Amino acid sequence: MNEDQDKLIAELVEKGLAGDMEPINEIEDRVLRSKAKAALVKAKRSAKPQETEDHVKQVSDKSSIDDKSLSENLNENIGEMVNEKFPGSLVNENTETHIQLTPDHWFEIAGWLKSEPSLSFDSLQCQTGIDIGENTLEARYNLHSMKHNHCTEIRISVSINKPVIPSVEQIWRIADWFERETYDMLGIEFSDHRDLRRILLPDDWEGWPLRKDYQVQETYHGIEVPKMKEGWE
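Numbers 1 to 233, taken from our numbering, label the letters of the sequence shown in order.
A portion of the hints provided could be inaccurate.
To be verified - Quick list of the computed label-pair ranges, beta carbon to beta carbon:
(1) K7 - G111: 38 to 44 Å
(2) P226 - E28: 19 to 25 Å
(3) L17 - S159: 36 to 42 Å
(4) E84 - Q5: 37 to 43 Å
(5) E224 - S46: 47 to 53 Å
Worth flagging that the hints you see were computed from the coordinates, not collected in a lab. None of the values given here were measured: they were computed from a predicted structure. For every residue, glycine included, the Cβ atom is placed at its ideal position computed from N, Cα and C.
Can you build the whole structure from these sequences, using the hints too?
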């Protein structure tokens with residue numbers, strides 16, 4: 001990020017800490033919006049330890065949950081709970097910044113993250129995708145609880161040769177639009193999405209613009225596709 005962008009994000013974070021999320025939510029640039037929200041999350045964690053319930057339910061063999069004390073690291077506790085309820089789904093041991101999951105049980109985990117009383121992640125604030133290289137694509141989900149005022153980030157990586165992740169648009173309806181945009185730009189297929197189609201580009205556009213190996217097609221229905229917009233550097 002350049003200095004101007006750093007300064008803008010710092011100003012947006014200050015407003016977010018004061019309770020004004022509108023400037024951040026109105027950012028049209030999806031990447032900048034995600035960076036601002038990530039910076040806000042980090043600032044909140046630094047300013048005040050995450051307040052959670054004194055006890056949470058711990059998963060048993062029947063997937064029931066007993067009361068369990070939460071530490072200040074919310075992600076660490078979520079990771080432990082996911083390991084108990086969905087064995088083998090947690091990828092990263094260090095959950096300080098995010099929770100990395102396999103795609104296999106993502107739909108079930110997402111429903112649980114929303115319905116589990118001690119978590120109550122009722123708001124999907126952002127979902128985006130990224131080509132992280134080495135033939136790997138990644139979907140990222142920023143979740144927030146209106147009830148507990150806490151948040152977390154879920155990341156799911158898939159092979160570029162089989163980029164399939166379960167859709168969660170039936171859990172958080174806003175995911176309908178988010179997943180379609182990620183599909184449009186990166187070609188990640190969200191299985192069981194009820195209307196998965198391009199949202200920014202024509203249905204018959206060739207390729208996925210945010211992949212590292214993307215090559216702009218020469219023409220579209222006989223019309224030459226410009227490689228650079230006039231005036232851009």
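Structure-based check of each hint:
Hint check: K7 to G111, Cβ distance near 40 Å, so the stated range 38 to 44 Å holds. For P226 and E28, the hinted distance range of 19 to 25 Å is satisfied, since their beta carbons lie about 21 Å from each other. Our hint of 36 to 42 Å for L17 and S159 holds, since their Cβ atoms are close to 39 Å apart. Taking the beta carbon of each, E84 and Q5 are about 40 Å apart, inside 37 to 43 Å as hinted.
A hinted range of 47 to 53 Å for the beta carbons of E224 and S46 is consistent with their spacing of about 51 Å.
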